Amino acid sequence: MPSTERAVLETEDYINADYNIKSWLLTTDHKRIAVLYLISVTLFFLIGGLFAVLIRLELLTPQGDLMQSDTYNRVFTMHGVTMVFFFLIPSIPTVLGNFLVPMMVGARDLAFPKVNLASWYVFNLAGMFTLYAMFAGGVDTGWTFYTPYSTTYSNTHVVATGLGVFIAGFSSIMTGLNFIVTIHRMRAPGLTWFRLPLFLWAHYATSLVMILGTPVIAITTLLLAVERGFKIGIFDPNLGGDPVLFQHLFWFYSHPAVYIMVLPAMGVISELIAAFARKPVFGYKIVAASSMSIAILGFLVWGHHMFVSGQSVYAATVFSVLSMLVAVPSAVKVFNWTATLYKGSVSFETPMLYALGFIGLFTVGGLTGVMLATLGLDVHVHDTYFVVAHFHYIMVGGTIMAYLGGLHFWWPKMSGRLYPQFWSRLSALIIFVGFNLTFFPQFLLGYMGMPRRYHVYPEEFQVLHVLSSAGASILGVGYILPVFYLTWSMRYGPRASANPWGATGLEWQTSSPPPTHNFLETPVVTTDAYHYSEEVTVG
Amino acid sequence: MSKAPFMPPQGSSFAGQVDLLYLFLVGISLFFSLLIAGLIVYLAVRYKRRSPRDIGVPIHGSGVLEIAWSVIPLVIMLGSFVWGTMLFFHLSRPPADAVEYFAVGKQWMWKFQHPDGTREINTLHLPVGQPVKVTLTSEDVIHDLFVPAFRVKMDVLPARYSTIWFEPVRVGTYHLFCAEYCGAEHSRMGGWIVVQEPEDYERWLAGERGQENRLASPEDLFKRFACESCHRTDSVARAPQLAGLFGKQVRFKDGSAIVADDNYILESILKPNEKIVAGYQPIMPTFQGQMSQEEALALVRYVRGLEAGK
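Top to bottom, those sequences are chains P and E.
When we follow my numbering, the leftmost residue of the first sequence carries the number 1, and every step to the right adds one.
When we follow my numbering, the leftmost residue of the second sequence carries the number 1, and every step to the right adds one.
In case anyone wonders, no lab produced these hints; they're calculated from the structure.
Some clues are possibly wrong.
[As the list claims (entries may be wrong)] In silico EDC-like links for lysine to aspartate or glutamate, alpha-carbon gap of 16 angstroms or less: (1) K223/E to D140/E; (2) K271/E to D242/P; (3) K48/E to E12/P; (4) K285/P to D140/E; (5) K106/E to E185/E; (6) K106/E to D54/E; (7) K231/P to D242/P; (8) K133/E to E100/E; (9) K343/P to E199/E.
[As the list claims (entries may be wrong)] Here are the simulated distance ranges between beta carbons: (10) L43/P to G255/E: 57 to 63 angstroms; (11) I232/P to R188/E: 28 to 34 angstroms; (12) K231/P to A4/E: 30 to 36 angstroms; (13) V433/P to E267/E: 52 to 58 angstroms; (14) L57/P to R53/E: 35 to 41 angstroms; (15) I232/P to A37/E: 26 to 32 angstroms; (16) V82/E to L43/P: 46 to 52 angstroms; (17) L39/E to G233/P: 51 to 57 angstroms; (18) D13/P to R53/E: 49 to 55 angstroms; (19) G233/P to A257/E: 23 to 29 angstroms; (20) N122/E to F422/P: 24 to 30 angstroms.
[To be verified] Just a few of them, taken from the derived set where beta-carbon distance is under 10 angstroms, the chain P residues facing chain E: (21) F112; (22) P113; (23) V115; (24) A277.
A quick note: this is a predicted structure, and the numbers were derived from the prediction, not measured.
We put the beta carbon where it would ideally sit given N, CA and C, even for glycine.
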């Protein structure tokens, strides 16, 4: 750690402003709400992770010896539902976004602080429905809820889980709305659109997807509940419905939802690369524009989840070519991040290790995505472990790496404390190694023909499954470590200075942790983002 | 059976083509992954921070580079798109000489029917070198017929027909999986494709013929479900003529029209009131739930084969 200030006077900040529980539960301070969200999503991550442990344990052997099929099906479903709707979608926007969007625009809070608090309560209400469904016996439809299995055949808690997803959507919409209005209306004097940190461009693009896409999943889960509850035929052909219609509606949201997960991650990576190379992101405007084009094109590719569903070959062709197009702005970002290192002043603190790891894993995830978008090849690997490996590279290798990188980067700002560099670097390394060992074998399994969502499998797949489970145990250690040392740092970590990394950005110009109103006086912006002057003042 | 590491056996005529495309894209992916990883490592080490207060050289971008690294990936991806789409069109158009088999998926088994009506469960015997088209449907939820060695899969939908085709080129026994999650025993809904020399296949079929595992003939089903009481060829017919119907345009009461195919005939049996042929009354009872998918399939095939003037 560069330098630390020992003798900081006990000034009032957002944490010590008030200690009682009510001051947290009724707060409208975006920073405190970010902390509340941090607690919620961490809990859901641990629950989802526990299900992942059960999956990997069961798959150690080809026979179904740990659980019954029914149980296994519930376990992978609840792993997916928890991770997608209660961790991956909310994590970066609601924790890092909530904390940073107002600070980065130089505002005292988000545009609608009460809506922000309401979104946290709505989110937890949604979580309650899902937890209820879990404890009441679970749900076994897969996180994709495909009909008519989910509406007519499953006898598990589909409606309660669906309601959880439905309600969680409202909290997403509230967050998205808040970010859009804040970025439009509350920028500090001089902070023009093209001076915004790329984190904000990414969150702006994400917010658009959130408010335009989420209503569609709400409609879809509602229709599902109506068919299941009242036997009104929408999706089940026995009732006069069309099962493929469900897939269209579901993926019309759930593909863009992938970009809700990964766009904010890309925003985080832009910040980290700039800060640890101490120079502007290469091709700033292109990187900003690529976020917007990903958000827009992302709405036009849902049919690539349905290449073997019986949709027309011409529709499949159009979806295939559009999926190729959406990969271009992602590739452009990767090249720009890499080029940013050129003639930089590169240092390897923990957040940077996560960022570099992200680029590598996201590249593999993206390239295998191109393979999946290729029609003739998708027919073979569709619904196999190849797909499972691909989306874990994007979501775990991408989103979670970026989330952890961001959390380590802004932790000194959020908590006012520094954490041990040795342990944090070690955990970043363990996660990178464990991740690859877990998910790379799954590409091979998929091409060999191992279908996903299989409780028992032919013996020839066992070696690769054992490797994958071994990797998962390493990955688990990597995820648990930060829980310990970050918690430890809150009490015992050295106090952080205002700008421990020597980074640009308005959030680093105020103290750590920031005062309740973020800035003592409204900041004025006179330079582009990532403007490093002659020498950096650390601290 | 040739077997490369981490590849399923090449059991069909296009397994090799899919593998070629796969290996090409693996090559491209390896090249770009190593390029990016190499650049990151090289640049990060080369431009490592020397002193804590150092900053980088502010470089804002390069139009030429941006164009280069947008256009090059785009060209490669469009190439991959064209290649993959050509293969996909090939996969979705069964050749004219393909022999038709049937598969019905139900929780949790596969029921197959050979062209001569012989039936088997969870195993499908096929002669080598003969292109095969399988017409698929489901009794309940969505399933998916997946044969890794053939590099093909297709969703199997309730109340709808989909098709898949392949040409087995190597004698052998290959995995058959259900690839669309379908409930409790999804992972046990599999079996084997047994590809045999044509003479072995014929011998096997002959052996099966002695068994009582064949469906009632379509003519019997046509009588049993009383189809002929309305779909008659004489002048008192209360329902449309079926002979010569297949492949012809049908006009409906509401003025719309459709070419009669398998899915139209199936819908007319299961949900007769969906589309009313112009000039007729909606008097036909629904057969949804009254007959098994195999019986419906047999009837569809029967209607398809009825030629005009017979």
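Problem set entry | Hints not upheld, ascending by number | As far as the earlier hints go, 1, 3, 4, 6, 9, 12, 14, 15, 18, 20, 21, 22 and 23 are violated by this structure, in ascending order.
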